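K.L.:
In case you want the letters, here they are:
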Amino acid sequence: MIKFFKDLIRLIRSKDPAIHSNLEVLVYPFFKVYIYYKIAHFLYLHKFYFLARLISEKAKKRTGIEIHPGATIGKNFFIDHGMGVVIGETAIIGDNVMIYHGVTLGGTGKEKIKRHPTIKDNVVIGAGAIVLGNIVIGEGVTIGAGAIVLKSVAPKKVVVGLYK
Amino acid sequence: MIKFFKDLIRLIRSKDPAIHSNLEVLVYPFFKVYIYYKIAHFLYLHKFYFLARLISEKAKKRTGIEIHPGATIGKNFFIDHGMGVVIGETAIIGDNVMIYHGVTLGGTGKEKIKRHPTIKDNVVIGAGAIVLGNIVIGEGVTIGAGAIVLKSVAPKKVVVGLYK
Amino acid sequence: MIKFFKDLIRLIRSKDPAIHSNLEVLVYPFFKVYIYYKIAHFLYLHKFYFLARLISEKAKKRTGIEIHPGATIGKNFFIDHGMGVVIGETAIIGDNVMIYHGVTLGGTGKEKIKRHPTIKDNVVIGAGAIVLGNIVIGEGVTIGAGAIVLKSVAPKKVVVGLYK
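Chains as they are written, first to last, in my numbering: chain A, 1 to 164; chain B, 1 to 164; chain C, 1 to 164.
Just chain A, same shape as in the assembly (with noise of 0.2 Å):
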């Protein structure tokens, strides 16, 4: 349990150069926001839906970063500032993954079951952008910001603007 805070928290510093203490990333979404996912996704394990979707809906108010507590999330995720972020379902996310806020992993109400992207390890996507449907993000892409993505990328690209 105490690993698990210290390895957040170490995370959080790395990743942001405009913390300036530990405490900081006390106050920071992204770590209020992992802990109620874990909670969360716990619940959506064990079939407690209401319950789950309970707590992601009380990290969104508090955060502004909106995780389904079905998502699948690799290790070293993290999401910076947040605001407006919106991943959903069945979406499912590898290791050492980067988003930043306004980011959505959406569907486009074409697919039933599997509706959500997933996102390979070592991606990073910019600030805004949209990637819809079961689609795959290949390893180690980079999705610029703003960019709209709507079908699969191929590992080690980097993607700006309109992908269909």
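In case anyone wonders, no lab produced these hints; they're calculated from the structure.
It should be emphasised that the depicted structure is a prediction, and the values quoted were computed from it without experimental measurement.
Do not rely on the hints blindly, as some may be mistaken.
Remember, identical chains collapse to one label, so a pair may be satisfied in a single copy or spanning two.
[Stated by the list, open to error] DMTMM-like mimics (lysine to aspartate or glutamate), calculated; alpha carbons at most 25 Å apart, straight line: (1) LYS47 - GLU111; (2) LYS112 - ASP16; (3) LYS47 - GLU139; (4) LYS47 - ASP121; (5) LYS156 - ASP121.
Following the hints, put chains B and C in place on chain A, whose structure we already have.
P.N.:
Leaving out everything else, chains B and C in the frame of chain A:
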């Protein structure tokens, strides 16, 4: 009154595949913001502008959705997620309109009386799309995620990217 | 002190045509966030980084506007609506600048000291626009809604779409 809530719950369940129970609808941002809007709009029409605004600000704080009390909204309107939505004072929205989080129905600062868009029936507006000015979005139009729309759109059209 | 509030109320009323009374200004997000920012910035300059950050986080929770306490802001600055605005630590904003909701004055992650934009006097930045890096937005520039700006802009220019 009970019918109002029943219809609202049925509407929300029909729109979002991620909902697992009626109870979950109660924590839904749109459920809350729509009730606030109904009250604020009533007050606005009776010229209690300050009270109306106070309520819409409260709603925004709780949901991240800003609907000006003066906006006119038709039947079966639905906002998914909602964080960052801004709907201006003179916006007019028809029936069966669906909009996603981050959508703006705003002004350009150039018009004086009717400053915001008119959205006709059966329009869908994707996440992060920005629709500005006293323009008309025709019946059945689909506006893609992240689109910037600065002039009127003919019925049934699909609009993506910058449309000016 | 009283002059400060009077000027702030006058400024906000002059900027937003949807305001019906002075009282309404008090529920205005920018009114709140600007007072918080003034306090947080003062604390930041005196190296009370944690307290400063605590206050700016509180302000963000109440308004959806994230202004880093380290940002430098000139006279007659105004943010309309504001949800989703992010202004970075080393951003410098001149006089008479107006920005709309969803605007980011952020970093690219590549620069180390001055990481965020410098915005000169009389600039207008439309909803959802993203301005990244240690670049200079010249006097009187207009940045269109949803624009992505990644390099410096000469004075008086109008910028839309992806500018890199």
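K.L.:
Could you run down the list of hints and mark each one as holding or not?
P.N.:
The hints, checked one at a time:
In this assembly of identical chains, the alpha carbons of LYS47 and GLU111 lie at most 25 Å apart only when taken from the same copy (22 Å versus 45 Å across copies). In this assembly of identical chains, LYS112 and ASP16 lie within 25 Å of each other by CA distance solely across copies; the values are 11 Å between and 37 Å within a copy. In this assembly of identical chains, the alpha carbons of LYS47 and GLU139 never lie at most 25 Å apart, being 31 Å within a copy and 40 Å across copies at closest. Taking the closest pair of Cα atoms, LYS47 and ASP121 never come within 25 Å of each other, the shortest separation being 28 Å inside a single copy and 37 Å across copies.
Proximity of LYS156 and ASP121 under a CA criterion of 25 Å is satisfied intra-copy only: 11 Å inside one chain copy versus 40 Å between copies.
Figure legend: structure checked against the earlier numbered hints; hints not met, in rising order: 3, 4.
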